[in-house]
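*Asks:* In the order they appear, the protein sequences are chains W and B.
Residue numbers for the first sequence follow our numbering, so the first one is 1 and each next one is one higher.
Residue numbers for the second sequence follow our numbering, so the first one is 1 and each next one is one higher.
Since the hints were derived computationally from the structure, they do not count as laboratory data.
Among the clues, some could well be false.
What the hints assert, rightly or not - Example chain W residues on the side facing chain B (calculated, C-beta under 7 Å, incomplete):
hint: 1; residue: S46
hint: 2; residue: D54
hint: 3; residue: K247
hint: 4; residue: F249
hint: 5; residue: T250
hint: 6; residue: G253
hint: 7; residue: I254
hint: 8; residue: A256
hint: 9; residue: L259
Glycine included, each C-beta is placed from N, C-alpha and C at the ideal position.
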Amino acid sequence: MGKVGKQGEKTKKSGGLTRLAAEVFDKDRCSVCGACVGRCPYIVYSEGRVILQDRCTLDEGRCYDFCPMAGAKGNFEGPLGTVKQVLIARSTRSDVRKKAQYGGVVSTLVALALREGLVKEAILTSGHPEDPPYGVRVRTKAAVLDSAGSRFAAAGTVAALNEALAEPGSFPLALVGLPCQVKAAAAMRASKTRDVPFRPKRIKLLIGLFCTWALEYRSLSRYLRYMLFGERAFHYDIPPPPASVFKVFTGDGIKAFPLDEIEPMRLNACRFCDDMTSTRADVSVGSVEGLDGWNTVLIRTAEGNRLVEMAAEKKLIKIDRLPQSDLEHLKEAADLKKQRGLSAWEEKD
Amino acid sequence: MDDMAGDHPGAEVLLQGNEAMARGALEAGVAWASGYPGNPSSEIIETLARAASEKRLYVEWSVNEKVALEAAAAASFAGMRALATMKQNGVNVCLDALTSLALSGIKGGLVLIAADDPSSISSGNEEDSRFAAALAHLPLLEPATPQEAKDMVRFAFDLSERIGNICLVRSVSRLSHTRANVILGELPGGRGRPRFDTSRPFITLPAVPHHQVMYDKLDQAEAEFEESPFNHYEGPPKPDLMIAACGPSYLYAREAVEMLGLEDRTGILKLGTTYPLPQKFVAEHLAKAASVLVAEEIDPVLERSLKVLAAETGDRIGAKRFYGKRSGHVSPTGESGPGLVARALARIVGREFEPGDPDYRRRAAQVVDELVPPREFGFCPGCPHRASYWAIKQVLASDDRQGFVVGDVGCYTMGIWPTGFNQVKMAHAMGSGVGMSSGFGKLDAMGFAQPVISVVGDSTFFHAAIPALINATYNQAGFLLVVLDNAATAMTGFQPHPGTGVSVTGERLSRISIERICDAMGLEVTVCDPYDIESTTAVLRDRLRRLDTVRVIIMRRPCALVQGRADGFDYRMHVDENLCRGEECGCDRYCNRVFRCPGLVWDASSNRARIDEVICVGCGVCETVCPAGAIVKETI
Numbered sequence: 001m002g003k004v005g006k007q008g009e010k011t012k013k014s015g016g017l018t019r020l021a022a023e024v025f026d027k028d029r030c031s032v033c034g035a036c037v038g039r040c041p042y043i044v045y046s047e048g049r050v051i052l053q054d055r056c057t058l059d060e061g062r063c064y065d066f067c068p069m070a071g072a073k074g075n076f077e078g079p080l081g082t083v084k085q086v087l088i089a090r091s092t093r094s095d096v097r098k099k100a101q102y103g104g105v106v107s108t109l110v111a112l113a114l115r116e117g118l119v120k121e122a123i124l125t126s127g128h129p130e131d132p133p134y135g136v137r138v139r140t141k142a143a144v145l146d147s148a149g150s151r152f153a154a155a156g157t158v159a160a161l162n163e164a165l166a167e168p169g170s171f172p173l174a175l176v177g178l179p180c181q182v183k184a185a186a187a188m189r190a191s192k193t194r195d196v197p198f199r200p201k202r203i204k205l206l207i208g209l210f211c212t213w214a215l216e217y218r219s220l221s222r223y224l225r226y227m228l229f230g231e232r233a234f235h236y237d238i239p240p241p242p243a244s245v246f247k248v249f250t251g252d253g254i255k256a257f258p259l260d261e262i263e264p265m266r267l268n269a270c271r272f273c274d275d276m277t278s279t280r281a282d283v284s285v286g287s288v289e290g291l292d293g294w295n296t297v298l299i300r301t302a303e304g305n306r307l308v309e310m311a312a313e314k315k316l317i318k319i320d321r322l323p324q325s326d327l328e329h330l331k332e333a334a335d336l337k338k339q340r341g342l343s344a345w346e347e348k349d
Numbered sequence: 001m002d003d004m005a006g007d008h009p010g011a012e013v014l015l016q017g018n019e020a021m022a023r024g025a026l027e028a029g030v031a032w033a034s035g036y037p038g039n040p041s042s043e044i045i046e047t048l049a050r051a052a053s054e055k056r057l058y059v060e061w062s063v064n065e066k067v068a069l070e071a072a073a074a075a076s077f078a079g080m081r082a083l084a085t086m087k088q089n090g091v092n093v094c095l096d097a098l099t100s101l102a103l104s105g106i107k108g109g110l111v112l113i114a115a116d117d118p119s120s121i122s123s124g125n126e127e128d129s130r131f132a133a134a135l136a137h138l139p140l141l142e143p144a145t146p147q148e149a150k151d152m153v154r155f156a157f158d159l160s161e162r163i164g165n166i167c168l169v170r171s172v173s174r175l176s177h178t179r180a181n182v183i184l185g186e187l188p189g190g191r192g193r194p195r196f197d198t199s200r201p202f203i204t205l206p207a208v209p210h211h212q213v214m215y216d217k218l219d220q221a222e223a224e225f226e227e228s229p230f231n232h233y234e235g236p237p238k239p240d241l242m243i244a245a246c247g248p249s250y251l252y253a254r255e256a257v258e259m260l261g262l263e264d265r266t267g268i269l270k271l272g273t274t275y276p277l278p279q280k281f282v283a284e285h286l287a288k289a290a291s292v293l294v295a296e297e298i299d300p301v302l303e304r305s306l307k308v309l310a311a312e313t314g315d316r317i318g319a320k321r322f323y324g325k326r327s328g329h330v331s332p333t334g335e336s337g338p339g340l341v342a343r344a345l346a347r348i349v350g351r352e353f354e355p356g357d358p359d360y361r362r363r364a365a366q367v368v369d370e371l372v373p374p375r376e377f378g379f380c381p382g383c384p385h386r387a388s389y390w391a392i393k394q395v396l397a398s399d400d401r402q403g404f405v406v407g408d409v410g411c412y413t414m415g416i417w418p419t420g421f422n423q424v425k426m427a428h429a430m431g432s433g434v435g436m437s438s439g440f441g442k443l444d445a446m447g448f449a450q451p452v453i454s455v456v457g458d459s460t461f462f463h464a465a466i467p468a469l470i471n472a473t474y475n476q477a478g479f480l481l482v483v484l485d486n487a488a489t490a491m492t493g494f495q496p497h498p499g500t501g502v503s504v505t506g507e508r509l510s511r512i513s514i515e516r517i518c519d520a521m522g523l524e525v526t527v528c529d530p531y532d533i534e535s536t537t538a539v540l541r542d543r544l545r546r547l548d549t550v551r552v553i554i555m556r557r558p559c560a561l562v563q564g565r566a567d568g569f570d571y572r573m574h575v576d577e578n579l580c581r582g583e584e585c586g587c588d589r590y591c592n593r594v595f596r597c598p599g600l601v602w603d604a605s606s607n608r609a610r611i612d613e614v615i616c617v618g619c620g621v622c623e624t625v626c627p628a629g630a631i632v633k634e635t636i
């Protein structure tokens with residue numbers, strides 16, 4: 001484990017799979033982002049888990065370098081990170097909004113980036129709610145909409161990014177991911193070490209999602225199998241506070257389960273996470289407290305800004321201002337997560 | 001025609017110990033020979049099989065040792081001479097039949113050759129089968145040389161017929177597999193036809209009087225042993241020390257005495273008929289010395305018999321001091337040898353002695369180190385078991401229920417080692433894995449949720465797994481049975497079995513289908529080719545999902561050595577040096593460090609993997625293992 005610096009920052013040492021296992025897997029701290037999957041034969045993603053298949057003996061490896069749970073933590077200023085502009089937005093298209101979780105901004109931005117050729121391929125998370133979620137590579141708006149909506153379960157999405165990065169040719173890529181996934185992809189993009197045969201410079205757009213925690217797929221699926229008496233689920237939702245329920249859409253109507261019952265199924269890794277809003281993304285998107293059908297949008301980089309502006313110009317999204325009180329709430333929530341995450345790191349192993 | 005089977009009485013031929021025993025059976029006019037393969041016994045049946053048509057005898061590899069003995073007993077009941085052969089584990093398998101037959105008695109000479117494996121060179125245990133003689137009240141012979149092995153087997157048939165009971169002959173690996181000149185005896189002429197005399201049944205009951213008859217038969221054998229040429233004394237008339245030796249330990253004792261130059265002080269009591277001991281003969285010679293070193297292999301069986309005899313005759317022969325396994329002068333485990341006997345002898349006479357030249361041993365180790373490539377105990381290149389365990393490993397590793405593999409007996413027992421990725425967590429007797437899985441499969445009611453994979457070979461399936469499988473099925477145990485069907489009894493030398501469609505004498509027989517046996521139990525069976533790792537993994541993953549019943553996967557692919565002898569393989573393999581990542585991140589020598597096929601070697605000079613073309617057979621499996629696509633298969 002890296003030492004805690006003065007600003008609550010940990011210095012990242014390099015390591016290999018042995019170190020990764022000791023720091024992350026053995027401590028049940030894997031966030032199942034998928035950054036280490038597909039880079040070597042030792043690590044695989046299966047049914048909502050990242051698994052060490054065999055023992056690698058190397059002292060240094062990219063599995064460790066890109067792991068968001070190994071080494072450095074809390075390397076950003078303020079609970080929301082760098083933010084150029086904060087706004088709320090919603091898609092103007094009913095086909096998008098029908099499929100999207102909240103305002104449909106993520107689907108809109110990805111589809112637009114594909115259409116305009118800013119990227120040629122996007123990495124999203126897909127999978128029927130009852131099946132293990134996984135990363136997918138999409139190139140069309142239709143495929144984007146097929147993957148719309150949150151999975152709520154950790155999905156190893158970055159594995160699909162690795163697959164795309166290893167392919168020959170030069171196609172720019174986008175990734176839509178949770179904070180840990182965005183952090184891993186951002187680390188790849190920024191890395192100066194040799195990463196053959198991967199081509200991380202292809203990562204052109206990172207759209208981050210807000211996340212308080214992700215669920216562990218198998219626990220959730222066991223729970224729902226038991227609670228739904230065999231009824232099939234086709235969609236999940238966690239409405240913004242203060243609802244405090246986990247909604248499951250089934251053929252037999254919507255069932256609501258208290259969030260208290262769901263929360264124990266969250267990944268242990270999420271306890272250590274200090275990033276609620278995907279601070280490493282180009283643009284981050286989440287729900288709006290108390291305002292259904294809208295998204296909060298945090299524009300962080302010039303690329304992010306350009307894309308959002310383009311979507312607004314083309315009238316694909318409608319934009320509004322986030323009330324100052326809601327921004328304060330968002331900051332409070334993000335700060336709470338950051339403080340909780342950082343203090344979890346200070347706990348004795 | 002083998003030298004072994006030639007009709008040249010008085011001719012001296014070079015024979016392996018097992019061939020010599022086969023010859024002894026031929027000289028005795030054996031009509032029937034059955035056994036189950038297992039080191040070091042296998043060549044006896046194989047040798048007889050080669051002579052079967054010429055000598056008009058019936059030879060079979062039976063489905064297991066119990067059936068081998070029972071079938072041989074039938075020939076004996078019909079008045080024919082019959083032989084059953086097996087390794088030490090087989091004696092355990094047939095023990096119930098053996099003790100019952102001993103009670104009923106037999107008619108035609110019936111000999112059981114048990115070949116023990118000191119040092120467990122090719123066994124899952126190290127066991128002394130001689131205890132069966134005392135347990136079943138049967139006479140026991142222990143040959144020291146191939147010549148004696150032949151002569152004893154021949155004599156055993158005569159003795160068996162005279163006392164009307166089975167006679168045991170115990171061999172050990174060293175005797176079974178050594179070669180020596182053997183002087184042949186006469187082969188008999190014609191023999192009668194088998195016929196069962198319905199007026200003379202063979203029944204264990206009434207057990208108590210029959211039990212007494214067993215003792216009477218042993219007395220009769222002991223009386224014969226008093227005059228037996230298989231026992232003798234050599235050495236000074238009044239030695240300081242007597243070495244009592246049986247089996248090859250007799251030769252070790254002779255060498256040991258010579259090495260230490262103790263011929264004037266040491267006598268050797270060579271015993272070939274070790275149960276029952278000929279009391280008068282032994283007592284007469286034990287009386288010569290006050291100290292006795294017992295040289296025998298594995299457990300102190302002769303040592304105990306001699307101590308009992310010394311206690312019973314102590315008033316006449318005087319008190320004895322015994323040296324042996326109980327005193328710690330020789331080890332009750334591991335194979336013996338001249339050096340070990342000499343060391344014990346030296347310790348008794350208070351001399352310094354180290355067997356062999358320590359400098360020679362050091363130099364030999366050095367040469368071996370330099371010239372012999374380091375290879376672990378492992379599956380052959382192209383072995384389908386490696387591919388099967390690879391698929392099992394991948395699937396179990398990605399399953400969070402902590403599933404495990406219950407092993408059984410065969411080449412695939414090596415799944416306990418890195419060659420099988422240490423997947424096998426249990427290995428006992430033939431068929432035991434399926435029995436244990438039947439038990440694990442019922443623990444769910446107590447909250448046990450770990451998936452169990454029971455692996456069993458094709459020959460072991462027929463040998464002992466079927467009753468266990470019926471038990472599991474009937475009692476609704478849940479586990480995954482993986483039959484590793486490599487179309488041979490591979491570990492013991494490719495002997496045919498009921499699934500192969502051929503007999504030991506080369507006849508074409510109808511195959512018995514494993515899947516149809518499973519089908520008859522109502523079990524769902526999937527057959528897959530372990531070389532196709534991807535589909536094998538998918539089938540495994542799917543079948544492991546729900547184990548509310550026994551599910552069966554047959555991983556079918558002939559043993560690589562069998563394939564090599566038949567049609568060969570489809571591919572020539574090579575490594576593309578430009579794609580191979582070697583020790584870099586993303587590989588770390590995955591193919592030869594983790595997959596570990598000996599056909600994949602590490603070329604330290606180029607830091608790349610390489611195919612060892614001499615031993616690679618071209619199965620193509622490693623192509624799917626390489627993360628960089630650097631292992632290329634070309635169809636030939």
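*Asks:* Quick one, is the L259(W) hint okay against chain B at 7 Å, beta carbons?
*Replies:* Violated: closest Cβ of chain B sits about 25 Å from L259(W), beyond 7 Å.
*Asks:* For the restraint on K247(W), tell me whether the closest CB of chain B is nearer than 7 Å.
*Replies:* violated, 27 Å
*Asks:* Should the interface hint for F249(W) be scored as holding, given a Cβ-Cβ cut-off of 7 Å against chain B?
*Replies:* Since chain B brings no Cβ nearer than about 25 Å to F249(W), farther than 7 Å, the hint is violated.
*Asks:* Given I254(W) was flagged as interface, is its beta-carbon under 7 Å from a beta-carbon of chain B?
*Replies:* violated, 29 Å
*Asks:* Tell me if D54(W) is really an interface residue toward chain B, meaning its C-beta lies closer than 7 Å to one of theirs.
*Replies:* holds, 5 Å
*Asks:* For the hint on T250(W), does the least C-beta distance to chain B fall short of 7 Å?
*Replies:* violated, 22 Å
*Asks:* Given G253(W) was flagged as interface, is its beta-carbon under 7 Å from a beta-carbon of chain B?
*Replies:* violated, 29 Å
*Asks:* If you take the shortest Cβ to Cβ gap from A256(W) to chain B, is it below 7 Å?
*Replies:* A256(W) check fails; min Cβ-Cβ to chain B is 29 Å, beyond 7 Å.
*Asks:* Verify the interface restraint on S46(W): the C-beta must sit less than 7 Å from at least one C-beta of chain B.
*Replies:* The hint holds - S46(W) has a Cβ within 7 Å of chain B, the shortest such distance being about 4 Å.
Of the numbered hints listed earlier, those contradicted by the structure are 3, 4, 5, 6, 7, 8, 9.
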